[in-house]
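What follows is each chain in one-letter form.
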Amino acid sequence: MNKPVRRIAIFCGLLVLALMVRDNWLQFVQADELKTSKWNHRVDIARYSQPRGNIIVDGQAITGSQETGGIDYKYKRTYNNGPMWAPVTGYSSQVFGSNQIEKLEDKVLTGDDDRLFFNRTIDMITGKGKKGGDVITTLNGKAQEAAFKGLGDKKGAVAALDPRTGKILALASTPSYDPSSIAGALDSKAWTTLNNDKAQPMLNRALKQTYPPGSTFKVVTAAAALENGLYKDVDSKTDSPVPWVLPDTRIELKNEGSIQCKDVSLREALRISCNSVFGKVSADLGNKKMTEQANKFGFNKPVDTPVRAVPSVYPKDNRPQNAMAGIGQASNRATPLQMAMIAAAVANNGKLMEPYMVDKLRAPNLNVIETHQPKQLEQPISAETAQKLQSIMETVVEQGTGTSAQIKGVKVGGKTGTAQHGVDNSGNPYAWFISYAKSGDGSPVAVAVVIEGSDTDRDDIAGGRLAAPIAKSVMEAVLKTEK
Amino acid sequence: MSNNTTTISTAGPPSRRNTELALLAFAVIIPCFAYANVGLAIDDELPSGLLGYGIGLGLLAGVGHLVVRKFAKYADPLLLPLATLLNGLGLILIWRLDQSPRLMQLAKNQGFKFVPYAPNQLLYSALGIALFVAVVIFLKDHRVLQRYTYISMVVALALLIAPMFFPPKFGARIWITIPGLGGLQPGEFAKIVLAVFFAGYLMVKRDALALASRRFMGLYLPRGRDLGPILAVWAFSILILVFETDLGTSLLFFGMFVVMLYVATERTSWIVFGLLMSAAGAVGVASFEHHVQERVDAWLNPFAVFETHKGTEQIGQALMSFGSGGVFGTGWGQGNSDLIGFAANSDFILGTVGEELGLAGVMAVLLVYGLIVERGVRTALAARDPFGKLLSVGLSGAFAIQVFVVAGGVMGLIPLTGMTMPFMAYGGSSVLANWALIAILMKISDAARRPAPAPAPSPDAEMTQVVRP
Numbered sequence: 001m002n003k004p005v006r007r008i009a010i011f012c013g014l015l016v017l018a019l020m021v022r023d024n025w026l027q028f029v030q031a032d033e034l035k036t037s038k039w040n041h042r043v044d045i046a047r048y049s050q051p052r053g054n055i056i057v058d059g060q061a062i063t064g065s066q067e068t069g070g071i072d073y074k075y076k077r078t079y080n081n082g083p084m085w086a087p088v089t090g091y092s093s094q095v096f097g098s099n100q101i102e103k104l105e106d107k108v109l110t111g112d113d114d115r116l117f118f119n120r121t122i123d124m125i126t127g128k129g130k131k132g133g134d135v136i137t138t139l140n141g142k143a144q145e146a147a148f149k150g151l152g153d154k155k156g157a158v159a160a161l162d163p164r165t166g167k168i169l170a171l172a173s174t175p176s177y178d179p180s181s182i183a184g185a186l187d188s189k190a191w192t193t194l195n196n197d198k199a200q201p202m203l204n205r206a207l208k209q210t211y212p213p214g215s216t217f218k219v220v221t222a223a224a225a226l227e228n229g230l231y232k233d234v235d236s237k238t239d240s241p242v243p244w245v246l247p248d249t250r251i252e253l254k255n256e257g258s259i260q261c262k263d264v265s266l267r268e269a270l271r272i273s274c275n276s277v278f279g280k281v282s283a284d285l286g287n288k289k290m291t292e293q294a295n296k297f298g299f300n301k302p303v304d305t306p307v308r309a310v311p312s313v314y315p316k317d318n319r320p321q322n323a324m325a326g327i328g329q330a331s332n333r334a335t336p337l338q339m340a341m342i343a344a345a346v347a348n349n350g351k352l353m354e355p356y357m358v359d360k361l362r363a364p365n366l367n368v369i370e371t372h373q374p375k376q377l378e379q380p381i382s383a384e385t386a387q388k389l390q391s392i393m394e395t396v397v398e399q400g401t402g403t404s405a406q407i408k409g410v411k412v413g414g415k416t417g418t419a420q421h422g423v424d425n426s427g428n429p430y431a432w433f434i435s436y437a438k439s440g441d442g443s444p445v446a447v448a449v450v451i452e453g454s455d456t457d458r459d460d461i462a463g464g465r466l467a468a469p470i471a472k473s474v475m476e477a478v479l480k481t482e483k
Numbered sequence: 484m485s486n487n488t489t490t491i492s493t494a495g496p497p498s499r500r501n502t503e504l505a506l507l508a509f510a511v512i513i514p515c516f517a518y519a520n521v522g523l524a525i526d527d528e529l530p531s532g533l534l535g536y537g538i539g540l541g542l543l544a545g546v547g548h549l550v551v552r553k554f555a556k557y558a559d560p561l562l563l564p565l566a567t568l569l570n571g572l573g574l575i576l577i578w579r580l581d582q583s584p585r586l587m588q589l590a591k592n593q594g595f596k597f598v599p600y601a602p603n604q605l606l607y608s609a610l611g612i613a614l615f616v617a618v619v620i621f622l623k624d625h626r627v628l629q630r631y632t633y634i635s636m637v638v639a640l641a642l643l644i645a646p647m648f649f650p651p652k653f654g655a656r657i658w659i660t661i662p663g664l665g666g667l668q669p670g671e672f673a674k675i676v677l678a679v680f681f682a683g684y685l686m687v688k689r690d691a692l693a694l695a696s697r698r699f700m701g702l703y704l705p706r707g708r709d710l711g712p713i714l715a716v717w718a719f720s721i722l723i724l725v726f727e728t729d730l731g732t733s734l735l736f737f738g739m740f741v742v743m744l745y746v747a748t749e750r751t752s753w754i755v756f757g758l759l760m761s762a763a764g765a766v767g768v769a770s771f772e773h774h775v776q777e778r779v780d781a782w783l784n785p786f787a788v789f790e791t792h793k794g795t796e797q798i799g800q801a802l803m804s805f806g807s808g809g810v811f812g813t814g815w816g817q818g819n820s821d822l823i824g825f826a827a828n829s830d831f832i833l834g835t836v837g838e839e840l841g842l843a844g845v846m847a848v849l850l851v852y853g854l855i856v857e858r859g860v861r862t863a864l865a866a867r868d869p870f871g872k873l874l875s876v877g878l879s880g881a882f883a884i885q886v887f888v889v890a891g892g893v894m895g896l897i898p899l900t901g902m903t904m905p906f907m908a909y910g911g912s913s914v915l916a917n918w919a920l921i922a923i924l925m926k927i928s929d930a931a932r933r934p935a936p937a938p939a940p941s942p943d944a945e946m947t948q949v950v951r952p
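Top to bottom, those sequences are chains A and B.
Read left to right, the first sequence gives residues 1 to 483 (our numbering).
Read left to right, the second sequence gives residues 484 to 952 (our numbering).
Please note: incorrect hints may appear among the correct ones.
[Unchecked claim] Taking lysine-lysine pairs in the BS3-like style, the calculated list, with each CA pair at most 27 Å apart, reads:
#, chain 1, residue 1, chain 2, residue 2
1, A, Lys155, A, Lys208
2, A, Lys38, B, Lys793
3, A, Lys189, B, Lys793
4, A, Lys35, B, Lys793
5, B, Lys553, B, Lys623
6, A, Lys189, B, Lys591
7, A, Lys3, A, Lys74
8, A, Lys103, A, Lys155
9, A, Lys74, B, Lys596
10, A, Lys3, A, Lys38
11, A, Lys288, A, Lys351
12, A, Lys375, A, Lys438
13, A, Lys74, B, Lys591
14, A, Lys3, B, Lys553
Keep in mind the hints are simulated off the structure, nothing from the lab.
Sequences and hints are given; from them, build the entire structure.
Take a look at the structure:
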């Protein structure tokens, strides 16, 4: 009977061997994959086991960390003035993950970044806990406040840039939410409420939502007209009949109210926002040239600020649609950031700077580990064209639809817009305003404001009445802090 | 001479009791260090119970050792220290999980009152060693068990059927509840009793099974009437699977039976039949038994549950425990293996070993289990009587299969079946039964290594005196 017993011994040995091989596979070969698996709770436990680094605006932290006394997570993220800053910071939740800067700069904030290796090692030797680094933003607290307060309880968004560098100065979106309310482990109720809210408070409208740009797009159409030599002078008469019929159709492109648009100059057409003039410009140039110009301003590709802004679109389209797109009323759509980039490029004499909001990354010992260098993204228009456009945009604010954006002693250029939406304009229109302000050395600020659902105002003045004052207060805030 | 596996010699082999004592010292000291380590990691101080625990474990091991010295002088010197080491380490692991605020919270959320498990386990360990001592003292000769072949069968059947009359716990009907005493897993005891029955039955029937067969395509086909018992056991293990939804136990019994049948008959054909039948049974049951299907799904796709939220996270959590432990582990008390949840200290205790002691620790633990099994098989080789051979190979085979099934399930090698890691996992039945198992193995090895064969205490045993080469 010993022979089978020996075989059983070998069999039992093989069973144990199989377990050992499997264990080596798990704990050696697959270990890293399992350790960093997105289902591995330990990753979050480690993340919240020490205070996170902070996101900083104007030298002040707009985030914080709070000890929770919880089981899994020792620290919880807190936000100062959360709803106002949510479109910048994003959230960092113990259970629902994170987004925006909290996610993109997570490694620096947790202290896991390779560039913090030296710090980590020193801390380990001296017995201190791991510390996170800070993210210093380009934002301007006063401008942000002006934008957020200006939007108030309306639904909308504001994006403001420094045209000279591309620094994002304000990024507001309403209705907003407080990321603190979903930061903890027991906040799933708040999370569900926020996610089910029809008003979409967690949607970052400044970067993640595209709107029909309405008449503000006429700036791009005018730029295309000048760049392509369709009209050389902004003050000479254009060849624009009224009524003007959309190409390939019998539909007449109407102008708002009783404005006089026959053969008016580009300046006059922009001042009173003539649909027929810009519709014809777009039709004369054709879809290809219009798309080229829009793309140069940044359409049809995402922008990483580093938080990704969804691409604004100027699509390939048929002739009547392309003509409608020339007045921002067809299938072209834009994010508030994109419209701010257009105003900024015009204000910066045709140079479009890449928008960014993370200025510096800082180690816990205050050493700067990375500084963002401003970068030119594109030259969508020549300096000459830019100056012509500035001149006519300034007319809009001085004596056109955008008078409510006037600031004493400062040259302000702008364009209003009201975009109809919904089937047969059934939805409430969007009120737009894009503008820039000039100080001694170029323009320190360009702003785009959009307000959704202004129920009563359906005419083109809506942008001027609703959105322009917000743009004005944001520009004033920036000008004040510039000094 | 190298094939000489009997240890009879005129000079008499050394008893190795001092070796056992030295090994036992290690088996007590290592868990004490582990205990200190957990205390330092969790509370930054030496645990207050360290001295008591050390003395307690030392006393238990000491009593075991003294009894062995007196009543089983020639017993295998490794089994007792290995079992003590595993039991001691298991206690520390359970105590360590008792400190987990996460598990306390879990109990609270589910409406239970959290009770620390370690004191209970310490009590069970003491009872287990008491049982060990009792077996070593009162089982004068293992061949006595042979007399109880058919009584064993009845007892085993009763033990296995009993849980059907009690409500299922966590999806498996393997518990009986005794008011005032708590739950009992009769399957653990049935393992030993059934091994006794198989050994007794096969010892009598093995010639008939081995010789009365026809050769067919290179295999010895057994006769229909000899095939009867194996079919009965197969059907029985399937029935357990179906009614008690206890995969592990059925696999264990069937595996044990096939191993013992093979050893008794020396016919490979039995193994082939055994494998075919277990495969057929498993596939058949899996095709309609929901619980089994769930287990197989969870095994094939352990992380799907995190997306579907259907089923149990435990396997995925255990795998991540192993992965997070890596090669050297996080250290005692510094892992998060309690994420595995409610069975962390029983079925899934190996996950804590994996996370906190790492690959190195798990390999060491598996080696210890392997050593116990191989010492058991060694005992079977050395045993002079076929009953002892069959019993010890059955018990050690069952032990090996149990370790494989549990560890393999926890590590995702095979579907999870819900048995306990012998000695380490929390559970009274398991600890008691396994101490009894070790005691029986030691008694057999004592008989095998004794210098002069003891006179047979019963006429039944006379026929076992024939030693086959």
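Now the hints, each set against the structure:
1. With a C-alpha separation of about 14 Å, the suggested pair Lys155 (chain A) and Lys208 (chain A) falls inside the 27 Å cut-off, and the hint holds.
2. With a C-alpha separation of about 18 Å, the suggested pair Lys38 (chain A) and Lys793 (chain B) falls inside the 27 Å cut-off, and the hint holds.
3. Our distance criterion of 27 Å between C-alpha atoms is met by Lys189 (chain A) and Lys793 (chain B), whose separation comes to about 21 Å.
4. Of the supplied pair hints, the one linking Lys35 (chain A) and Lys793 (chain B) holds, its CA atoms being roughly 23 Å apart against a limit of 27 Å.
5. Proximity of Lys553 (chain B) to Lys623 (chain B) is assessed by CA-CA distance (about 12 Å); at most 27 Å being required, the pair is judged to hold.
6. Of the supplied pair hints, the one linking Lys189 (chain A) and Lys591 (chain B) holds, its CA atoms being roughly 20 Å apart against a limit of 27 Å.
7. This hinted pair does not check out: Lys3 (chain A) and Lys74 (chain A) have alpha carbons roughly 60 Å apart, beyond 27 Å.
8. Among the hinted pairs, Lys103 (chain A) with Lys155 (chain A) is consistent with the structure: their alpha-carbon atoms are about 26 Å apart, no more than 27 Å.
9. Simply put, Lys74 (chain A) and Lys596 (chain B) have alpha-carbon atoms about 24 Å apart, close enough for the 27 Å limit, and the pair holds.
10. For the proposed pair Lys3 (chain A) and Lys38 (chain A), the alpha carbon gap of about 51 Å is over 27 Å, so the pair is violated.
11. Between Lys288 (chain A) and Lys351 (chain A) the alpha-carbon distance is near 22 Å, which keeps this suggested pair within the 27 Å criterion.
12. Note on Lys375 (chain A) and Lys438 (chain A): the hinted pairing holds, with a Cα-Cα distance of about 21 Å set against a maximum of 27 Å.
13. Annotation: proposed proximity of Lys74 (chain A) to Lys591 (chain B) holds, straight-line Cα distance about 20 Å (limit 27 Å).
14. A hinted pair counts as satisfied when its Cα atoms are at most 27 Å apart, and Lys3 (chain A) with Lys553 (chain B) does not qualify at roughly 33 Å.
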